[in-house]
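Colleague: Let the hints inform the model, and build the full structure from the sequences given.
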Amino acid sequence: MATRDITADSLLDVERSFGDRLVYMGRFLWRDKGGLIGLVMFLTVVFAAIFSPTIAPYDPLEQNLRDSKIPPAWQEEGSWDHPFGTDNLGRDIFSRIIYGARVSLTVGFFGVLIAGGLGLVFGAIAGYMGGRVDESIMSVVNLVLSLPYLLFVVVIAAILGRSLINVILIFGITDSPIFARVTRGEVLRLRQSGFVESAVSAGATWPRIIFDHILPNLIGPLITLATFEMSRMIFYEAGLGFLGLSVPPTVPSWGNMLAAGRKYLTSAPWIATFPGLAIMFTSLGMNLLGDWLRDVLDPRLRRARK
Amino acid sequence: MQRYFLTKFLQSILLLFGVLLLVFFMVRLTGDPAALMMSREASPEQLEAFREAMGFNRPLYVQFADFLSGAVVGDFGDSLHFKTPALPLVLERLPATLQLAAVGLLMAMVIGIPLGLIGGFNPGSAIDSIGRTLALLGQSIPNFWLALIMILFFAVRLGWFPSFGRDQWHSVVMPAFVLGLPVMGQLVRLTRSAVLEIRSEDFIRTAYSKGLEPRIIYAKHVLRNVAIPLVSVTGVQFGYMLGGSIYIEAIFAWPGMGQLLEQAIGWRDFQLVMAIAIFTSVIVLILNLLTDLAYAVIDPRIRYGH
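As given, the protein sequences belong to chains A and B, one line each in that order. Per the numbering used here, the very first residue in the first sequence carries number 1; after that it's consecutive. Per the numbering used here, the very first residue in the second sequence carries number 1001; after that it's consecutive.
Honestly, I wouldn't trust all of these hints.
Okay, the calculated beta carbon distance ranges per label pair [what the hints assert, rightly or not]: (1) A:D81 x B:F1164: 33 to 41 Å; (2) A:D32 x B:M1054: 54 to 62 Å; (3) B:W1267 x A:S139: 50 to 58 Å; (4) A:G34 x B:A1102: 53 to 61 Å; (5) A:I165 x B:M1054: 25 to 33 Å.
No wet-lab data here; the hints were simulated from the structure. The model shown is predicted, which means the values in this text are computed figures rather than measured ones. Note that CB positions come from ideal geometry on N, CA and C, so glycine has one too.
Modeller: Put into C-alpha cells, the structure is as follows:
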C-alpha cells in the first residue's frame, strides 16, 4: 500500500532530508483530522497573540464607563461595535481576549522552555551518570512529583507576589521534574539499546553519542510532553489569575478577566464566559495537537491506539 | 512484600523531611518573612518586634531545628489571624475537604471507568466517541470556570442546587462534579488504553485459543490487569483533588482546607498557610503509601518481590 511507507519511523529517519520529513508530517496531519484541528486552533491563538494590536478593535485598557456592561452582539441590547460586549468598566471584551492570549502564551512558552531546559539537563545527567548522582537527582524529582502540586504553586505565588516573571519562574521550576523524569527514562532506555552500544564499541566519543544518538531520539517524547505541559501551564496560570495571584490586575489576562467577571456573574455573565471559552479553546487545541504528536512521534504508544 | 513495604515507608519518611525543608524555606524565599507576614503599613519598630517574637533573627539552622522539633509533635505554631494553634484549625476543616474529594472521585469513577471499559472493548463505537469526547473536554475545560457557569445555570436560573455552602444534602453535588471532572477524563483515557493494550497481549490470545469463554477472559484476564494502573492513578488523583480543591472551595464557599488556604493567604497568615501545606502533603504522602500497598496486593509480581 502507498500509505504503508508513511510510518513514524520514516518520520524520524535521520537519513531523510528535513523537507521529506515535513512532507510526511503533513500527510500524517491530513489523515488525522483531530491533529489538524488542534494545530489550526493553536495557530489561531498564536496569531492572535502576535498580531494583537492589529486585530483588536480597541485598546484593551481603555475605560468607558458610559458603555459599561454592554451584552454581546447577538443579544438584544448588544451591537457589533463590541462583538463580545464590554465589562464593568466599559472595556471591550473582544480586544481584551485577544491581548490575553499574549499573557497565556508567554507564560506557557517560557515556562515550558525553562522546565524543559532544566529537566533535559538534570534528566540526562541522571540517566547517563547513574549511581549516586542519579539517586540524588531523582530523589528531588520524586519529592516534587509527590507533593500536592497546585497547592504549592498557589502558596509560592502568594509569597512571591504578582508579576509575569514570577509566574513564569514558578511554573518553569516546579514543572521541570516531569521533564527530568521523562528524559532520564529515555536516556536509560537508549543507553541500553543496541545502536548506542555499537557506537560505544566503535569508539565514538561521548559528545558524539549524546548529540548524534541520544538527543535526536529525545526530541519526540519531549515535544509531546512540552505540548501537554504548556496547555497545563496556561490552564493553571488562569487559575492563579482567578485567585488574584498571577500577573498584576491591570494586565488583561484571561485569569484576571475571570476574576473580575465573577463579581458580575448574575448581572453580566458574559464578562466571565468569554475568557473561560478562550482558555478552553487554547487548551482543547493543544491537547488535540499533543495527542496527535504522541501518536506520530512515539511509535511505542501506537499499538494501544488501533 | 514486607521488605517492599518497609522501603516504601522509609521513602515516605524521607519525603516528609523534604516537605518540611521545602515549606520552611518557602516562606523565607523573599528574604524577610516578617515583611511577608505583617501588613504593608507596619512600622519598622513593629516589624522588629515581630521578628523578635517569631524568632526570625536567630540563625537559620536554629530556626529550622526549632521548626522541625515542633512539626514532629504536630505543633505548627499559632495562627497569626486567630491567635490559636494552627493544626486544630486545619483539622477542623479536614472532613469537608475529604467529603468533597471522595464524592468527586466516586462520581469520576462511576462515570469514567465504565465509559473507558466500553470504549476499550468496542473502539470506534458511539459510546467510545462519547467517552473520548468527555475525556478531551475534561482535560480542556477550566473547572473553576465551569463552576461559575454551573452556578449560573443550575443554581441561579434553575434553582436545582444551592450555589454555595455545605448546609444541604445536595450542596456537595456541583462542587464535587466540577472537582472530579478532570479526573473523570483521565480515568476514561487510562481505562480505555489499558483495555486496548491488554487485549492485544499474548496471554489473551492463548486464553482465546484454548477455548475460554469471552466473558471469563474479560473478567479474569483483562479486568484484573486493567485494575493495576487504575489503582495507582486513582490514588494519585485523590491526592491531586485534595490539593486542587482550593479553586472549587473558594468558588462554592465550601468550608474545607482549600477555602481556609485562600482565606489565610488573604490574611497574610502564613503560619496557617504552612500548616495547611504540610498537613495536606502528609495526607497525600499517606495516600501514596496506601496506593503502593494496594498495588502490591493486586499485582503478584510486586508481592513476590520481582
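Colleague: If a hint holds in the structure, say so; if it does not, say that too.
Modeller: Hints, one by one, checked against the model:
{"no.": "1", "hint": "A:D81 x B:F1164: 33 to 41 Å", "result": "36 Å, holds"}
{"no.": "2", "hint": "A:D32 x B:M1054: 54 to 62 Å", "result": "58 Å, holds"}
{"no.": "3", "hint": "B:W1267 x A:S139: 50 to 58 Å", "result": "35 Å, violated"}
{"no.": "4", "hint": "A:G34 x B:A1102: 53 to 61 Å", "result": "34 Å, violated"}
{"no.": "5", "hint": "A:I165 x B:M1054: 25 to 33 Å", "result": "29 Å, holds"}
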